Amino acid sequence: MAPELKLLSLWASPYCMRVAIALNMKKVQCEVIEEDLRNKSDLLIKLNPVHKKVPVLIHNGKPICESLIIVEYVDEVWPEDGTRQAILPKDAYCRAMERFWADFIDKKIFPPAYFALRKQGDEQQKAIADFYESYAILEGALAKVSEKPFFGGKKLNFVDVILAPLACWLLALEELAGINVNKCESYPRLCEYFKAVREHPAVANVLPDDKKESEHFRKLRNL
Amino acid sequence: MAAEDVKLLSFWASPFAMRAILALEAKGVKYELIEETLNPKSQLLLESNPVYKKIPVLLHNGKAIPESLVIVLYVDEAWPERAGFFPKDPYARAMIHFWSDFIDKKIFEVTFRAAKAKGEEKEAALKELYDNFLTLESGFIKFDAKPFFNGSSIGYADICLAPFVAWLPVFVDLAGIRLPTAEEAPHLHKFIGAIREHPAAKVAFPDEEKLAAFGRILQQRWAAST
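Residue numbers (my numbering), protein chains in the order written: chain A, 22 to 244; chain B, 386 to 611.
Looking at chain B on its own, in the form it has when it is part of the complex (with noise of 0.2 Å):
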């Protein structure tokens, strides 16, 4: 079979590139990483991507797909023999669907607006994502996550997540959140110390000085257009 031609457009500090370069890590796919500067964005990008203009996007022999998620199932099913990334049953599948969702819509997108806002907007997102991490804990439980929603080997749920982790000391720094205590959501820090120790992270996350001094500058235009 001739060489893939595999090439992820990346920011090394997005935690939705982190998805996708966690998806083909654990495939064991070679990929190249095209570390993007977005200001200016490049020509490659804009072609690849011009409804959305944004990374990640991966290309396979060509072909663009962008959109973190579409990109995680994409890599799942184009190299479907080796380390699936959800379970077999159809009703199992719509699960781990359901708790990236959650994910995406519960976890990431609380934690961005708890981290742009001010005074009582900022408690109630805070303590909605309180709530929102010991729903998150439920869907643990029902998976019997050990430590992973996918078993011992991460998938679409975990890597959906994932990179949450590596932004967890900047969010806390930062933001203020709180995470529930390892024994109100034992399984959430079993995931997170887990994470932390996985090979395809320590790929994917930037080392954590880098990240934290980014997330200062991130904050300060935050603040700066309120």
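Excised from the complex, chain A in its bound form (with noise of 0.2 Å):
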């Protein structure tokens, strides 16, 4: 019998997109509900009361909030076999480092870029100093995988699962932040990396359309 999947998500938002990128690798259907965060559903407000926020997976009638919980949850519950491949590795050492690099970029990647897209003057300029330093950090992480082009070589793992998503903000932080990381000469890795991410089978029909998600921030911006 097939599992009863939901995910609560946001068109726009890159955690949900996580799920789904999780989601597709692990070959598992689910239904998508799309919210309106200006007026929260009840089933969201009923599932996630301590944060009320997107992305919520309900597996069975039971939700799983936090976007890198709802993963590795997902990870535990669809192991590898012949069909579907592992998230995080089997090996305790490489799970710590995969979990480290999800946490930076999770913490020191996304929110400076979120502020970058929405804040102004010196709030602004203060995300985008700090996006830069983080972003030259993950080039350098980047550049110590031997194999190319994900932070997994070949395939995608924890971490790619987790970054893949700010693809789709690379244009809004361009032309809304001024933050121009397209620059192939300062960030090769990193280049070849959304390039090659936004083709990936799991990653390609999750991510919006870069000049839709730059007209959202654009929108949000003149509220």
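Treat the hints with care, as some may be off.
The calculated lysine-lysine pairs, modelled on DSS-like cross-linking and capped at a C-alpha distance of 30 Å, are [as the list claims (entries may be wrong)]: (1) A:128 x B:392; (2) A:111 x B:415; (3) B:507 x A:74; (4) B:415 x A:83; (5) B:587 x B:503; (6) A:61 x B:490; (7) B:531 x A:128; (8) B:507 x A:83; (9) A:83 x B:491; (10) B:587 x A:111; (11) B:448 x A:175; (12) A:27 x B:503; (13) B:491 x A:61; (14) A:73 x B:587; (15) A:73 x B:415; (16) B:587 x B:531; (17) A:140 x B:507; (18) B:595 x A:83; (19) A:67 x B:491; (20) A:67 x B:439; (21) B:448 x A:129; (22) B:426 x A:128.
If you are wondering where the hints come from, they were derived from the structure by calculation, not from laboratory data.
Computed from a predicted structure; not experimentally measured.
Got two chains here, each in a separate frame; can you build the complex from them with the hints?
And the structure:
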């Protein structure tokens, strides 16, 4: 019997995209319920009363919140077999390193990127500086991975699932915050990374159009 | 099997270092505790954690693992044969991760914010913290904590929260934090009592007087910087 799987989501949210990518990697079908965050549904408030945020994965009626937690849960419930790959590796040290970088991306890449897109003046300048600093560290980390183009080498790993959605913010970051990380001389590995990750079968149909995402942030800035 | 080389770069007052010590003690792992002075930071620390340059860092047979919660997870997975930190069911495991994330963001972070803030901002943070403790109580209830999230032995969420208990007298004294009463949050109070008696905590927690003095210095520093 197919599991009952629903995802409370927002099309523009990279956190929701992470879950969609993980479910694609596991070849698991899921019903996506689009939320309007200015008018949160009773279901969202009931299932995530603490944070009232998306994504929320609902598996056989039970809610799981927070994108990193959801991705690890999906990895455990649908482990590697002939038809699907593992997201996290088996080795404890390799798992620790993937969790470390996933946490770095979640704390030091996405929040400054978000504030660079949403804020003005000094606050925006600080966010932009923080983003560039973290992006350089990330380039250094990816440069240490000998197999290209992903953090998982030829395959996606946990770090990739957490990072990949940044791809749809790159245009917005350039247009609204003047952040240009498409300079391949400065960030050769990450340049190659984002070109390749957009094409990956588990990611391609998850990412919204870059222009749509940029327009979404433009509207939020003008509110 | 060859003797394992386990070292922990630590700082005696750090609640994050305490998490790593609690995890190692709970697993009965033999380790060398290397106390960092942090000013200046040792070459070993800078090499082992080049991204953040912070303690704790676990060094296991030469491999460095930074970030307290990454360390606790690693300790659970590297020594799987003893004292597991998680339930077996994947959904219950996800809930333990949820509560640990809650503890980090809604208990620790809000407490530090309340400690550093003044006036209205401080009052708002203290009220938020009080409400968050009531929410945490509901987490204890969902897990039927006896008295720990992990049952009678400490697990991941318990290790995440436990250092708060070491710092509690300092937070109350200097930051004015208010906990719900034992009637409002019985599980929370039972947890606090049980952690204080736990053998791992007796190793991990510093002397109360020493921590109180350190807390006063920290408070002066915060007051001076605003």
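Hints, verified against the model:
For the hint linking residue 128 (chain A) to residue 392 (chain B), the alpha-carbon distance of about 27 Å falls within 30 Å, and the restraint holds. With a C-alpha separation of about 24 Å, the suggested pair residue 111 (chain A) and residue 415 (chain B) falls inside the 30 Å cut-off, and the hint holds. Taking the CA atoms of residue 507 (chain B) and residue 74 (chain A), the gap is about 25 Å. The hint holds against a cut of 30 Å. Our distance criterion of 30 Å between C-alpha atoms is broken by residue 415 (chain B) and residue 83 (chain A), whose separation comes to about 40 Å.
Between residue 587 (chain B) and residue 503 (chain B) the CA atoms are separated by roughly 34 Å; this puts the pair beyond 30 Å, and the hint is violated. Note on residue 61 (chain A) and residue 490 (chain B): the hinted pairing holds, with a Cα-Cα distance of about 22 Å set against a maximum of 30 Å. Between the alpha carbons of residue 531 (chain B) and residue 128 (chain A) the distance comes to roughly 33 Å, so the proposed pair goes past 30 Å and is violated. Using a Cα cut-off of 30 Å, the hinted pair residue 507 (chain B) and residue 83 (chain A) is violated, with the two alpha carbons roughly 36 Å apart.
Restraint check: the Cα-Cα separation between residue 83 (chain A) and residue 491 (chain B) comes to about 23 Å, which is no more than 30 Å; the hinted pair holds. Our distance criterion of 30 Å between C-alpha atoms is broken by residue 587 (chain B) and residue 111 (chain A), whose separation comes to about 33 Å. Proposed proximity of residue 448 (chain B) and residue 175 (chain A) is supported: the alpha carbons are some 24 Å apart, at most 30 Å. With a C-alpha separation of about 44 Å, the suggested pair residue 27 (chain A) and residue 503 (chain B) falls outside the 30 Å cut-off, and the hint is violated.
At most 30 Å may separate the alpha-carbon atoms for a hinted pair to count; residue 491 (chain B) and residue 61 (chain A) meet this at roughly 22 Å. Note on residue 73 (chain A) and residue 587 (chain B): the hinted pairing is violated, with a Cα-Cα distance of about 38 Å set against a maximum of 30 Å. Between the alpha carbons of residue 73 (chain A) and residue 415 (chain B) the distance comes to roughly 43 Å, so the proposed pair goes past 30 Å and is violated. At most 30 Å may separate the alpha-carbon atoms for a hinted pair to count; residue 587 (chain B) and residue 531 (chain B) meet this at roughly 20 Å.
A threshold of 30 Å between alpha carbons decides the hint, and for residue 140 (chain A) with residue 507 (chain B) the separation of about 24 Å falls inside it, so the pair holds. The hinted pair formed by residue 595 (chain B) and residue 83 (chain A) fails the criterion: a straight-line CA distance of about 46 Å is larger than 30 Å. Taken as a hint, the residue 67 (chain A) and residue 491 (chain B) pair is honoured in the structure, with Cα atoms around 19 Å apart against an allowance of 30 Å. For the hint pairing residue 67 (chain A) with residue 439 (chain B), the CA-to-CA distance comes to about 38 Å; that exceeds 30 Å, so the pair is violated.
Among the hinted pairs, residue 448 (chain B) with residue 129 (chain A) is consistent with the structure: their alpha-carbon atoms are about 23 Å apart, no more than 30 Å. Our distance criterion of 30 Å between C-alpha atoms is met by residue 426 (chain B) and residue 128 (chain A), whose separation comes to about 23 Å.
Consistency with the previously given hints fails for numbers 4, 5, 7, 8, 10, 12, 14, 15, 18, 20, ordered from lowest to highest.
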